[in-house]
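Put together the whole structure using the sequences plus the hints.
For the sequence shown, the residue numbers in our numbering are 323 to 564.
Please note: incorrect hints may appear among the correct ones.
Cβ pair distances, simulated, as ranges [claimed, not checked]: (1) N324 to P479: 48 to 58 Å; (2) N324 to T353: 18 to 28 Å; (3) K337 to R394: 19 to 29 Å; (4) S511 to K337: 39 to 49 Å; (5) V564 to R366: 22 to 32 Å; (6) S511 to A347: 30 to 40 Å; (7) G561 to H490: 48 to 58 Å; (8) R366 to N342: 39 to 49 Å; (9) G370 to E513: 26 to 36 Å; (10) A387 to R554: 14 to 24 Å; (11) R394 to N491: 35 to 45 Å.
Hints are computed from structural coordinates only; laboratory data are not their basis. Since the structure is predicted, the reported quantities are computational estimates derived from the model, not experimental observations. Where is the CB? At the ideal position from N, CA and C, for every residue including glycine.
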Amino acid sequence: KNEGSNRPVRIIAPKGTIVNANPPAPVCLSTNHCAEEIIEAIFRAMSGPIPYAVNAAFSRRLRYAITGIDSRTNDRFIWHFFMARGGAGACQGFDGWSNIGENQAAGGIRAPSVEITEERFPLFVKRHEMRPGSGGDGQWRGGLGAVCEIVYEGSGPAMLNTAGDGIHNPPFGLLGGSAALPHRYSIVSSEGERVLKSKETNIVVHPGDRIICLSSGGGGFGDPAKRPQASRDWDKKNGYVV
323 KNEGSNRPVR
333 IIAPKGTIVN
343 ANPPAPVCLS
353 TNHCAEEIIE
363 AIFRAMSGPI
373 PYAVNAAFSR
383 RLRYAITGID
393 SRTNDRFIWH
403 FFMARGGAGA
413 CQGFDGWSNI
423 GENQAAGGIR
433 APSVEITEER
443 FPLFVKRHEM
453 RPGSGGDGQW
463 RGGLGAVCEI
473 VYEGSGPAML
483 NTAGDGIHNP
493 PFGLLGGSAA
503 LPHRYSIVSS
513 EGERVLKSKE
523 TNIVVHPGDR
533 IICLSSGGGG
543 FGDPAKRPQA
553 SRDWDKKNGY
563 VV
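So this is what it looks like as C-alpha cells:
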C-alpha cells in the first residue's frame with residue numbers, strides 16, 4: 323500500500339561496499355552505526371532544499387557490556403547498558419526529545435527498570451538523571467542526554483567492553499544551531515578516573531568501581547538569537563541549561 327512513496331527514490335548501493343556487504347562480512351550492527359551515518363547524511367543534504375522536513379543530529383549509539391560473577395549466587399552474569407539515552411536533534415518548530423536515544427533501530431527503546439536491574443545483577447545505580455546543558459543551542463534546542471553512574475558489586479574482577487560512536491564528533495546542529503555535547507565514558511576506581519574510548523575490550527572492573535556514562539544531547543536547530551526568552555527562562559527554571 324505504501325510502494326508509491328518509494329518510486330521517486332533511487333537507491334545506489336554497489337555490492338561489496340559497507341552498505342551492501344558481501345558474505346561473510348559481519349552485518350550485525352548494520353542498522354546501528356551505518357544507519358546513523360546514512361540518516362545524518364540525508365539530513366545534511368536535505369537541510370538546504372527542505373529545512374522544515376529534517377532534524378539536527380541525534381545522539382549516537384552509546385553502549386557497554388559487563389560480565390562477571392554475581393557474589394549472591396556465584397553465577398556468571400552479563401549485562402548490556404541501555405540507560406542514559408541520548409537526546410534527539412531539534413527541528414523547525416520543535417525542541418528535540420530528551421533521553422530518547424539514537425535515530426535508528428534502537429532509538430526510542432525503553433530503558434530497563436533500575437530496581438529490576440539492581441535485583442537481577444550485582445550493580446547499584448547511583449545516578450540516572452538528565453545531563454543539563456548537553457543539548458545544542460538554537461532557535462529550537464536539542465534534547466538532553468543523560469548521566470548514569472553504576473557501582474559494580476560483584477565477586478572478583480569483571481570485564482567490560484564499550485561499543486559506540488560520538489565521543490569525538492558530537493551531534494551537529496543545523497541552520498545556525500549549535501552542536502551538542504559529545505558522549506563520555508569513564509571508570510572511577512581507587513586509582514582515580516580513567517576516561518574510556520568508544521571501542522575498548524577487556525577493561526577490568528573491580529568491586530566498588532564506578533562506571534560513569536554521560537550521553538550526548540541532540541543538535542540545535544536555527545539561529546540561537548531567535549530563541550524566545552520565555553523558552554530560555556523555562557530551560558533555566560527546569561535545569562535544562564547550566
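Structure versus earlier hints, numbers of those that do not hold, lowest first = Violated hints (numbers, rising): 3, 7, 8, 9, 10; every other hint is consistent with the structure.
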